[in-house]
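Student: One-letter residues, chain by chain:
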Amino acid sequence: MIVNQFLVLGALLFSLGIYGVLVRRNAILVLLSVELMLAAVNINFVAFGSYLPDAFASGHVFALFVIAVAAAEVGIGLAIVLLIFRNRSSANVDELDLMKW
Amino acid sequence: MVTSAVSLFAAEEGGHAAVELSSGGALAAWAWLIPVVPLAAMFVIVLFGKRFPYKGWELATGSMLFVAVYSVVLLISHWNQPIAYEQHVELARIGTLPAGDLVVEWGWVVDGLSIMMYAVVGIVGFFVFTYAKGYMEGDERFTFFFASFSLFAGGMLVLVSAPNLIQLIVGWELVGVASYLLIGHWWEDQANNAAAIKAFITNKIADIGLFIGVIIAGLVVGSFRITDVLDAVKAGDSALADVAFWVALALFVGAMGKSAQMPFHVWLPDAMAGPTPVSSLMHAATMVTAGVYLIGRMFPLYNTEGFGDDVRTWIILVGAATLLFTGLIALVQDDIKKVLAYSTLSQLGYMMAAMGAGAYTAGLFHLFTHAMFKGLLFLAAGSVIHGVHSNNMSDMGGLRKPMPYTFWTFLVGSLALAGIFPLSGFWSKDEILASISYDAGHGGGGVATLVLVVAIIGAFITAFYMARAVWLTFFGEYKGHGHPHESPRVMTYPLVGLAFLSATVGFLNMPGIATPFTDWLAGRLHEIGDHHAEAIDLGLAAVGTLVALAGIAVGTLLFRKDAATQQERDRFRIPVLYPLLEHKYYFDDVYMRGIVYPIRGPIARAVNWSNSYVIDGVVNLVGAITRGLSRVVYGGMDQRGIDLAINAVAGAAGEAGRAARRAQTGKVQQYAGALFAGAVLLVIGFVIFG
Amino acid sequence: MSFGDWVSQGENIVFLVIALAMVVAGGFVVLSRNVVHAALMLVVALGGSAVLFILLGAEFVGWTVVLVYIGAVVILFLFGIMITRAPIGRDSARLDHRRRWPAAVIALATFVTIVWSTTAFFGDEQIPEGVTRAADLGDSLFNRFVIPFEAVSFVLLAALIGGIVLARRDPEEGEE
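Residue numbers (the numbering used here), protein chains in the order written: chain A, 1 to 101; chain B, 1 to 690; chain C, 1 to 176.
Rather than coming from a laboratory, the hints here were simulated on the basis of the structure.
Keep in mind that the hints are not guaranteed to be accurate.
[Said to hold, decoys possible] Facing chain C, according to a computed beta carbon distance under 7 Å, are these residues of chain A, among others:
#1 63
#2 72
#3 74
[Unchecked claim] Stretches of chain C that chain A covers, calculated by requiring three or more beta carbons in the stretch to come under 8 Å of a beta carbon on chain A:
#4 10-16
#5 48-60
Positions of the beta carbon are idealized from the N, C-alpha and C atoms, including for glycine.
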């Protein structure tokens, strides 16, 4: 297995995730796309962790950290979406433009 | 020519042996005090006069006494050995004259002519100032009067001590100012104001000649020093010779103004509006003699062939005309001061005629004696006026009993003026006649002969009007309404003093016997080659005395009974002649209608118009242009240009902001999109550019 | 290495199949009109990544992904979908923005950039065979990376507390 195959896969998933983040109107779907991006990142980390001779297995360790932080982030993110839904009865992100000029 | 056959001793040619001139020593070196002390007295009187016990009079009289004493001391020293001293202090130097630098100097001259003038101003001034204390008693501007009088005395002394023409002009103008102040002393009466202005303006018009003459002389010679000008004459400087006629003529015009020669004589009778001490000192003894002094000082210019000696013909003619015509006017005056004023005019004519005849010493000697007796006559007339409270002889009469001192001194003065032996007037008048007669025989020709005749007639007229005055004032019945009383001693003592001088100073110049005066006058740097008689011309003396006695006789005859009533006075109204004399030959009318009214009327209006429209128009135009310019600058440049630029910058910043803030949509996804795009670009950048 | 050589290795075939499945699933996640479908497709993608981790010899990480991501996170998502009444079913509500091409451009640019960079840099590097033992991982985690480990535990704690605080209802106002 060449390292590049994982990197290309990761790039592909990452790009899809970017597309999803930018295009989706529902907040949940945006968060889903973010999860996709994080998964892609994980693939990259682990690929590199396996590729590079590292006594500390840093790539794998970081992948674990990413997973943990992603979980925390989803929890908080969903809580926020909930609050927004409660306030505005809608979870559409393009309606959240109070901070505009 | 006329008289040489009759004279016992022939008049001879020549001056005197050249005398060795001294430099005068300390006396001359300190002589700058002579003009300065009266001027300093003026300042002290102006500032502190009212605090003095005599309200400043003591300062003024003290300064006059100082000048009198100093001048007598100088005279004595000069008698021993003639002084010819000059000192200059440079005040400013400007390099512009064609022949040299323009130097402004102050200085003083001590020589025979100056000492004589110092003595006149000092001695007569001292008597007049003393007298004035009594005359001006109770006057509300007593202190100011003496300040002005001191100013006058100082100015006159500046004039006669001036070694350069600029300083002479300074003194000239100072006495003019003082004259204005003093004639108009009682300015509450508009007539006095008018008289003061008339004197000043008439003098000023004549001063044009003075200025022109001084400027040309200074430019051509390259220096304003009188010594330098006279040296140029002596050396025969051709540049000066070309213009000398005009210089001499111009200077004479200036002299005509100050010394009231026709046609500039009109101011002197009106100047009688001033207090009598003023009339005495200024308009009889000193200021009016400044013109004669000027001719005397510049005499080599008038005496040297090829320079100014052609002007002498004019001088003698003007002098003769003045002498005769003003004397005639004196015959018909009721105001005693006016009689004396016209008499002064007439005597000034004598002095000028003498100068015109080339008789330097004779003219100045008459100046000297005239100062004494005319000064006396005015003071005495003032005493009469003071006692009677009226100027007019028709309010007087029979005053010789209540006012004895006044009467006797007035009489002495009148006889001196008439030229009766042995009073001073006799000697000086005879000297003039002798000089004119000499000139007639030596170059003056027909003109001088004519003038001689005129002068003799003038002597008759002089005696006539003085006799008239004496009879009308002191004899007959008192026609006034007051209680005539003698004046206080402070006024009568000076009368006595001047009477004494009037009687005796004639002995200072008795041709053939003793002539110290001639020697005094000759003591100056430039020798005056005027003729001096070696002995009294008895023939002329006899003619003069006869004529004077005839005049007295006629006057007595006509006025002994003092023409009290109008009917008797009408006896004298010779149809054409009388009104002509009464109107002073219509000189004043001509001047008023011809000069004053046009100026006051149309010319003043035209000037006012031009001022309002032309000059103010220019000023307003400048203002309007400035306003317009400022509008352009403000509106066009500032508002539109500069402000536009600044506003544009601000607007651009605002627009940029307005445009830029559209990026803040508040939409998170757009921010995320921008972030990713930026990151990609950065990565590309890093990858490509390493 | 050519494609033929690469495909001849057994693991690469597996990789290829799994990768395709993941990409398709990812495509569904971002393109599907059904929210629940999108969430479930994420499960597929995450599952695929777990298999790949095992393939790479990172067994612990792989099973952690299954446990945490699929077991907890996606369930959380499904709850979230339900609570926020996200439009379920194939009905009208539009789920995407109207203007999608800037996003496509950016995504494409990102993809191209990364692929080009990695290809240029890594080329045909091989991954060595080997399995990372969990014991080694734990060793590394508690020795070398103990501080980030503790920090992450704080992050989790903060997320926990934050989640509770954010999501609870205020006692006085009952807002819906």
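Student: For each hint given before, does the structure comply? Return the numbers of the non-compliant ones in rising order.
Tutor: none
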